[in-house]
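Asks: Whenever a hint applies, use it, and build me the whole structure from the sequences.
Okay, here's what each chain looks like letter by letter:
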Amino acid sequence: MIIRIPTLIALILSLVSTVLVAQEEVPNNLNSEKIKGARFTPFASYPGKPFLNDKFASGEIEFNDGSKIENLKLRYNSLRDEIIYFNNANSSHIIIDKISLKGFSFTQEDGIKRVFRRQYYDGYLHEERFFEVLSGGRISLLCYRKADLETCDTSISKSGLNYESSFKYYAYSPEKGYLPLKLTRSSLLSKFSKPNQKLAKRVLRKNKIQIADEAGFIAAWNLILSNKIPIDF
Amino acid sequence: MILVLTSFNGFPQISEKFALFTDRDVYASGETLLLKVFAPEAEQSGVVNIDLLSGKGMRITHAILKITGDQADGFIYIPDSLSSGCYFVGTSTRTNKTHTLKEIYIANRFADLPESNAFSRPVVDQQRIEKPIPGLRIQGIESRYKPREKGHFTIALPDECRPASTEGISVTIATTLQEYNGQNFFVNRNSPVSPITDKEGIILEGVVRELQSDHPFKNGVVYLSIPDSIPGFNYYITGSDGRFYFLLKDYHGKVPIVIQAFDKAERQLVRISLNEPATIPVDFLTFETRNFSTEFRRCISQNTSNVTFRKIFNQPEVTIQMAPLHKPDPYPFYGVATTTVFPKLFTDLPDFSEVSRELLPGVKFRTYNRIPVLLVNNSAQQNFFLQPPLLLLDGIPIHDLNLIKSMGSKEIDNVEICQSERFFGDLSFPGVIAIRSSKPDYSRPAVSDELIKLNLDAIQLQTTSYTPSELPFNEPDLRQVLLWKPSLKPEGKLEMDFQTSDICGHYKVVIRGKSANGEIYCKEQFFEVK
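Chains A and B supply the protein sequences, listed in that same order. Using my numbering, the letters of the first sequence correspond one by one to residues 1 to 233. Using my numbering, the letters of the second sequence correspond one by one to residues 1001 to 1530.
Just so you know, these hints were derived from the structure itself, not from any lab. Ideal placement from N, C-alpha and C gives every residue a C-beta, glycine not left out. Incorrect hints may have been included.
Some chain B residues flagged as far from chain A (calculated, every beta-carbon gap over 12 angstroms) [stated by the list, open to error]: (1) G1057; (2) R1128; (3) H1215; (4) S1229; (5) A1265; (6) R1297; (7) R1298; (8) V1336; (9) D1351; (10) E1491.
Only part of the chain B face toward chain A is listed, based on derived beta-carbon distances under 10 angstroms [said to hold, decoys possible]: (11) Y1251; (12) K1254; (13) F1262; (14) K1493.
Over 12 angstroms on every C-beta distance to chain A, these chain B residues come out as not near it, computed from the model [what the hints assert, rightly or not]: (15) G1168; (16) E1205; (17) I1237; (18) F1309; (19) D1329; (20) G1335; (21) Q1419; (22) S1443; (23) A1446.
Replies: See the structure below:
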């Protein structure tokens, strides 16, 4: 046994050395798509929130071909409808080319995950837009998280300008397109036929759903759709 | 202990080897060799290299075939300049430990066979990589046909020949020379197996070294450009080993490629080199002398004449299918241009300095102390970038501004200008100017230590054997391959039609496929055309 152990050690060492000689620096993923974009130029500072998330949040982007890049620091610019990521190698804020993306998602500090997808908006000011998907499915509930630079009272901003959120909500299906919605009970119920309105009201009442804000509206939307009450769309 | 050692040293198992078959064993120079490959199930590569090698192992030509469903098929054009003798067709991948070789005889059609009446054949441990399967039947083949006679036969496949996972079986009818059978054998790889698999395409790899010391260069930037209407582009930043890798997906046929490397800090001059594909070691083989029989000489003589006549009548051997459309990016890697200018539409301007001054907004091209300088205006900040922009000439990044200095408006088709700092991965470009010349000429950037140009043989296009629909009787039908169906769906009964050519002699019907247990099965039947 005493003779065997050194022999075995020598044998193992010789095998390990052959493995080490053959090793190369293996690249991570040759297939990974490169992010294309332009440097973000900061805009004028006014009161209000031009960004949806104040700080960069961890998230992922999905390219048109379906490939994804995870663990990116992302920030959605509501003013210009852009997604910005922080490039560690260059220490730069980069606007990712909108046309290169299918969508993106990030998780805020409070743990809420926001999922966006790029879609062509065919209404007034038709263009490619990032819509937040509030509820998926055949008919999805989307929100265009827009912010605008508006005039305001000089007591709010000395320059008389501030950033104001002007979120727009839509029901969307690929066949029918966009149907504008307001975050009110009456707006939601008006999208159903008379008999279905009664059903929807009953379901909301039974589940004690109040539509006072966005969360209430999403809860009401999901509840009605889960009860298979057809939307008049 | 022996078992452990064996596994560490990686002696290949039978199921780890490729099976390679050619349509015939004897060819004339200038002909097309058709081949079929069955890949082992565990093969990690998505492509297989097929090399035509001389008896001494020198690579003559090669093809890259895509492996689909553990199989691949393609062709190799045999150069006209080859001298008569034994050659090898071999497989190699980045990951397989064994090369599969097939011996073939090629006769030069411009020179007679040697007067010595002798030729060398390798002495190898011939391997039968296929096995006959009794349940497989070929029905309806006559023992004798007349020239230009239509034939029909049925292949009855037993259940074991129809595994759900296998994509196809191959059916071949070709001339055969019964006294010469090309030998199949295996050779162990003499280079280490690559840790990087090429499952999705071709991998180009190489090394960047310091020009003076020849040490591997760390943090070298390597650009790969593929000139096109929307140019392909990728980059790699080298590690401490100086190596770089590029994956080329979905490229078929010949692809022009430019690879260049540089030190981003501009401190070092570098030299770039591409790794040669792994060679198949056959130099250890010994050869024995054999004599030609009278029949062999006669057949080869007839074969070479047939090939020459076929060329005179311009009869192709294979029909190459259209390349699957490579879907380009919707826009160039440098982004959508801020401005595109077409200088041809304006008055003639003699050089690029004048073009930039008169036509290109936000572009400054000047010569100070005989040194040209190019700058782009940053539209967001309304000042010029301090660094030179990315300059592309016909899709190829160039650093030497003297290449565009003399380009007047007549020589430029269009100029795209990006007046913002663009990013591609971790690379940043302080503005982009992309010039497309009137006559795209990829030879402008000169080959140097830092720049390599190559016309890459990418994945071979799908081919089918040429079968004439109706030939007039005054035009000879000189096909030696009457049927070549390399990937038929294995169904219970396969009905096959063929038509004999004007070439009389012995023909062999061969059916090959891969059974459910991974073994290669075959069935052969002979007939004569008289």
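Asks: So which of those numbered hints doesn't the model satisfy?
Replies: Structure breaks hints 8, 11, 12, 13, 14, 16, 17, 19, 20 and 21.
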